[in-house]
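Peer 1: So the chains spell out like this:
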Amino acid sequence: MIYALAITVFMVGLYAVCCKKNIIKIIQGVIIMEYALNFFIILLGYRKGGIAPIINKITDMHTFAAQSVDPLPQAIVFISILIGLGLLALMVALAIRLYERYGTFDITEMKKLKG
Amino acid sequence: MISITIEIFLIFMLIGALIAVEITDLLYSVISIGAIGFFSSIGFLLLGAPDIAIIQMVVETLSLIILVRATIRKDIHTISGDREFFGLLSTVAILFFFFLYIFKATQTYPVFGNPVMSRISDSASNIYLAKGLKQTGSPDIVSAIVFNYRFLDVLGANAVIFAAFLGALAILRQKAKKKQ
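Chains A and B are the protein sequences, given in the same order.
First residue of the first sequence: 688, per my numbering; consecutive thereafter.
First residue of the second sequence: 37, per my numbering; consecutive thereafter.
In case anyone wonders, no lab produced these hints; they're calculated from the structure.
One should not assume that every hint holds.
[As the list claims (entries may be wrong)] DEER-style ranges, computed between Cβ atoms:
#, chain 1, residue 1, chain 2, residue 2, range
1, A, TYR786, B, ARG155, 45 to 55 Å
2, A, GLU796, B, ALA199, 23 to 33 Å
3, B, LEU100, A, LEU731, 23 to 33 Å
Note that the structure is predicted; figures quoted are calculated from it, not measured.
In this text, a Cβ means the ideal position worked out from N, Cα and C, and glycines have one as well.
My request is simple: use the sequences and hints to build the entire structure.
Peer 2: Now the structure itself:
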């Protein structure tokens with residue numbers, strides 16, 4: 688159930704990418720897909736009653752290793768979020784240039800792109 | 037209990053996503069994107085990932101600024117025109133089958149609350165958790181993985197980010213080189 692909800696959010700993003708004509712909406716669809724996927728990867732690493740993988744002074748190492756959530760997906764998502772920001776900057780720069788050239792965000796109006 | 041809370045946050049994210057996709061005003065939809073990021077950040081906090089929650093908050097604020105920069109001060113006229121009904125129907129049908137396929141695939145994944153590392157005792161995650169403090173000196177295991185164990189991966193990812201920002205700058209540069 689909880690996985691299905693995350694996949695549904697992903698599907699909404701994919702629908703925006705496939706069906707929308709406005710280029711800003713397409714970029715937003717990509718962002719929604721990215722958020723949903725990051726959330727899904729973090730969901731996979733959760734342990735029931737788990738604590739954050741940070742050690743403090745009073746933590747016992749054995750109980751910590753048995754109770755902590757999986758740190759590896761978190762490390763992957765850490766990088767994935769940053770790459771998403773770079774991707775977004777690139778997409779928005781392209782969208783701004785296209786707007787200056789064609790005067791619209793509508794992708795069906797950009798006919799010069801056809802070969 | 038935690039799964040119900042996470043489900044509520046996911047439903048909020050779904051509502052935000054639907055509003056962002058379907059609303060006609062671009063500025064409102066950009067703000068809805070910010071709302072989705074905010075809810076996912078709280079979800080990360082509940083799932084035991086405070087580092088990710090902080091970085092999600094920062095990145096989401098930055099991406100909101102970039103998107104507002106793209107949409108503001110443009111005369112935003114809503115794009116109208118009748119959609120092709122058959123095209124929309126076929127797209128939705130394909131997306132539905134894609135959803136069923138992924139949902140079937142997630143049945144083979146570990147159930148929520150019981151990750152893979154609890155089944156395999158000598159997995160990488162367990163070794164990092166048990167020996168991370170001694171080997172790297174960092175009490176935060178995620179930082180230990182990102183900046184010590186897997187630093188070469190992070191270096192490659194940084195190259196990607198750097199290339200993306202350089203590309204954005206090159207596209208946005210106003211003046212070309214002076215002609216000789």
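Peer 1: Decide, hint by hint, whether the structure agrees.
Peer 2: Going through the hints against the structure:
1. A/TYR786 and B/ARG155 have their C-beta atoms about 52 Å apart, which keeps the hinted 45 to 55 Å range intact.
2. For A/GLU796 and B/ALA199, the Cβ-Cβ distance of about 30 Å falls inside the hinted range of 23 to 33 Å, so the restraint holds.
3. Evaluation of the 23 to 33 Å hint for B/LEU100 and A/LEU731 yields a pass: the beta carbon distance comes to about 27 Å.
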